[in-house]
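Asker: Protein sequences appear in the order of chains A and B. Counting in the working numbering, the first sequence runs from 1 upward without gaps. Counting in the working numbering, the second sequence runs from 1 upward without gaps.
Since the hints were derived computationally from the structure, they do not count as laboratory data. Treat the hints with care, as some may be off.
[To be verified] One-sided and incomplete, this derived list gives chain A residues near chain B with beta-carbon spacing under 10 Å: (1) T3; (2) T13; (3) F24; (4) F28; (5) K102; (6) K103; (7) T129; (8) F131; (9) S165; (10) M172; (11) G176; (12) I198; (13) I396; (14) A472.
All of these numbers come straight from a predicted model, not from anything done at the bench. Just so you know, even glycine gets a beta-carbon here, dropped at the ideal spot from N, CA and C.
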Amino acid sequence: METLALLAGGFATALSAQNLLFAFAGCFLGTAVGVLPGIGPALTVALLLPITFKVPAASAFILFAGVYYGAMYGGSTTSILLNTPGESATIITALEGFQMAKKGRAGPALATAAIGSFVAGTIATAALTFFAPVVVELALKLGPAEYFSLMVIAFVAVSAVLGSSAVRGFAMLFLGLVLGIVGVDLQTGQPRFTFGLIELLDGIEVTIVAVGLFAVAETLHLAARHRYGEDELLPLSGSLWLTREDFARSWKAWLRGALIGFPFGAIPAGGAELPTFFSYYIERKLARRPEEFGHGAIEGVAGPEAANNASAAGVLMPMLTLGLPTSVTAAIMLSAFQSYGIQPGPLLFQTQSDLVWSMIASLYIGNAMLLVLNLPLIGLWVRVLRIPRPQLYGGILVFATIGAYGVANSVIDLAVMYAVGLVGMLMKRYDFPVAPVVIGMILGPLAEQSFRQAMTISQGDVTTFLTRPISAAFLAIAAALVLAPPVLRAHAASRARARSSP
Amino acid sequence: MRARRRRDELAFALLLVALALLSLWQTLSIPVSPIYARVGPTAFPWIASAGLLVFSLVLLRQALGGGFPGVDRQKTVDWRSLGWVAAGLVANAVLITTLGFVFASVALFACTARGFGSQRPVRDALIGLGVGLAAFLGFARLLGVNIGAGVLEGLL
Chain A
1 METLALLAGG FATALSAQNL LFAFAGCFLG TAVGVLPGIG PALTVALLLP ITFKVPAASA
61 FILFAGVYYG AMYGGSTTSI LLNTPGESAT IITALEGFQM AKKGRAGPAL ATAAIGSFVA
121 GTIATAALTF FAPVVVELAL KLGPAEYFSL MVIAFVAVSA VLGSSAVRGF AMLFLGLVLG
181 IVGVDLQTGQ PRFTFGLIEL LDGIEVTIVA VGLFAVAETL HLAARHRYGE DELLPLSGSL
241 WLTREDFARS WKAWLRGALI GFPFGAIPAG GAELPTFFSY YIERKLARRP EEFGHGAIEG
301 VAGPEAANNA SAAGVLMPML TLGLPTSVTA AIMLSAFQSY GIQPGPLLFQ TQSDLVWSMI
361 ASLYIGNAML LVLNLPLIGL WVRVLRIPRP QLYGGILVFA TIGAYGVANS VIDLAVMYAV
421 GLVGMLMKRY DFPVAPVVIG MILGPLAEQS FRQAMTISQG DVTTFLTRPI SAAFLAIAAA
481 LVLAPPVLRA HAASRARARS SP
Chain B
1 MRARRRRDEL AFALLLVALA LLSLWQTLSI PVSPIYARVG PTAFPWIASA GLLVFSLVLL
61 RQALGGGFPG VDRQKTVDWR SLGWVAAGLV ANAVLITTLG FVFASVALFA CTARGFGSQR
121 PVRDALIGLG VGLAAFLGFA RLLGVNIGAG VLEGLL
């Protein structure tokens with residue numbers, strides 16, 4: 001019951017007029033960037049990082065959480081009406097959602113996505129509320145060796161489990177780790193990888209890399225292949241109310257989606273992509289009319305949408321309790337913690353109890369706001385979707401400029417962002433994943449810290465990672481992650497594809 | 001066509017190998033104090049650089065034999081579009097230090113829009129002006145991000 005008291009305290013903070021405004025602003029911005037192709041929550045949070053110098057930590061994180069949740073809602077709108085999933089997590093939504101929209105049932109598709117997101121998001125937030133303190137208890141018992149092994153799991157998960165090729169994923173992970181090394185070594189004060197440049201002593205700015213990899217790379221990539229593929233925006237059709245039948249077919253899918261999504265997000269093998277595949281697969285298995293799948297089955301929208309929102313809440317679990325980000329947005333939030341001088345980890349719940357609980361409370365509030373923003377106001381987002389591409393990408397680059405130039409008013413930063421953007425464009429072209437670079441760069445220095453602490457404790461004995469049982473178990477899980485999921489996913493994906501293409 | 005694509009991938013793999021070697025060279029040049037010899041500041045850079053080297057070599061092998069597996073090989077590059085966007089980015093970098101952020105935004109916005117097929121440069125420039133001003137006011141005033149001085153910025 002202590003948890004409830006703490007949560008109530010969190011609500012007291014989150015419900016202040018100022019923080020409600022931040023939550024609303026976050027949800028609104030998040031939905032907008034989720035709707036717009038080419039930009040996502042990670043980029044938005046990266047651009048908003050300067051706010052950490054202006055407002056108290058609680059307000060900033062309420063804003064970021066709103067953006068994070070909002071983008072999940074907004075992404076489904078794009079998938080349904082445009083068939084261009086804004087993020088990998090909404091690919092599955094597009095399968096059935098776009099078919100529904102084609103049949104004049106865009107309204108019910110959007111409604112089941114939004115309500116499902118709300119239901120699953122709320123369940124998952126509740127799960128976060130009650131499980132997080134338990135995980136913290138356990139996490140406090142972990143030493144540096146266990147921490148390092150846990151981070152290895154996270155690294156492996158983002159590199160090998162997500163994305164299409166483990167080799168490309170790992171190459172990008174190590175690239176991120178190398179980028180993270182640049183700067184002064186915190187333990188010995190020695191400059192590393194700085195090439196004698198003073199500008200590099202503080203390390204490479206996360207904002208510049210994130211904005212370069214997301215905004216600039218995406219724009220260049222699309223410009224390079226600009227005449228290939230025009231998108232067709234379907235009109236908003238059908239009632240936004242679910243009929244009795246739609247509801248009857250949706251609600252179980254929502255609950256199942258929540259149950260699948262949360263654990264996937266919460267274990268540091270996260271990502272919102274796998275649970276949506278699983279949810280889709282299960283819904284099709286359980287559907288009374290499986291032949292409708294591929295032609296606009298509402299369960300195929302309800303389940304995966306619920307799953308991706310639940311996993312978004314799940315991702316916050318390792319992030320808040322262990323300081324372990326498993327998605328790019330979470331990684332950038334982690335760097336926001338660092339910008340406040342707060343070290344995320346199990347102690348966060350003790351030292352920054354107010355902050356954590358007001359952020360969790362704001363998730364409940366944000367979910368409710370998002371339901372309102374995404375159903376009655378859906379017309380607004382359809383209009384946002386109509387922003388023509390030339391002007392949209394022009395605007396994105398202007399904002400990207402602020403992200404890089406605003407750091408220190410240095411053209412060098414701008415040039416670094418362009419260079420990162422160019423590499424990012426090549427990465428997109430050859431299907432290299434972006435997440436491992438960002439997570440490697442942000443989590444790498446923390447992993448190194450744990451590694452060196454563990455090695456110091458063991459007096460330089462590397463086997464400490466294998467002789468300590470919990471650490472060894474984590475490493476075994478990491479090894480299993482490399483080997484098992486590609487098989488599973490290839491299986492699920494090929495089945496899904498076989499069904500969706502008649 | 002296929003041969004050319006493979007050359008692209010080869011170049012990308014070589015770029016990664018080069019980065020890995022650069023990173024190894026930098027690791028070697030980190031001075032190590034004997035106190036930290038075992039778990040010092042070089043241990044992790046060694047791991048990261050070696051990992052990058054191993055995987056970039058695997059990629060290099062893939063590029064040499066038929067290309068990276070599973071990559072869509074149908075795309076050609078639209079150099080005109082890319083050129084316009086690149087021109088906008090360069091103009092942005094040049095103008096931002098001289099005329100200031102807002103005018104740099106106008107150029108960047110108009111060039112990018114052109115690259116994406118817009119045929120109305122004047123209208124785009126005006127929209128760019130609006131976006132630049134709004135962004136400046138939003139970030140500089142609300143968030144307190146310093147985006148430099150400039151002709152218009154001084155007046156606002």
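Asker: Now tell me, hint by hint, if it's right for this structure.
Answerer: Right, here's what the structure says about each hint:
The closest approach between the C-beta of T3 of chain A and any C-beta of chain B is roughly 34 Å, which is over the 10 Å cut-off, so the hint fails. At about 22 Å, the closest approach between the beta carbon of T13 of chain A and any beta carbon in chain B exceeds 10 Å, and the interface hint on this residue is violated. Interface hint at F24 of chain A: violated, since its Cβ lies 15 Å from the closest Cβ of chain B, which is beyond the 10 Å cut-off. Hint status for F28 of chain A relative to chain B: violated, with the closest Cβ pair at about 14 Å, above 10 Å.
Because the beta carbon of K102 of chain A sits about 25 Å from the nearest beta carbon in chain B, more than 10 Å, this interface hint is broken. This hint is violated: K103 of chain A has a C-beta 29 Å from the nearest C-beta of chain B, more than the 10 Å allowed. Of the supplied interface hints, the one on T129 of chain A is violated, with its beta-carbon coming no nearer than about 31 Å to a beta-carbon of chain B, more than 10 Å. For the restraint placing F131 of chain A at the interface with chain B, the shortest Cβ-Cβ distance is roughly 32 Å, beyond the 10 Å limit, so the hint is violated.
At about 6 Å, the closest approach between the beta carbon of S165 of chain A and any beta carbon in chain B falls short of 10 Å, and the interface hint on this residue holds. Restraint check, M172 of chain A versus chain B: the minimum CB separation of about 9 Å is within 10 Å; hint holds. Proximity of G176 of chain A to chain B holds as hinted, the smallest CB-CB distance being about 9 Å (cut-off 10 Å). Among the interface hints, the one on I198 of chain A is violated; its C-beta lies about 16 Å from the nearest C-beta in chain B, farther than the 10 Å criterion.
About 8 Å separates the beta-carbon of I396 of chain A from the nearest beta-carbon of chain B, less than 10 Å, and the hint is met. Here the hint on A472 of chain A is broken, as its CB sits about 19 Å from the closest CB of chain B, past 10 Å.
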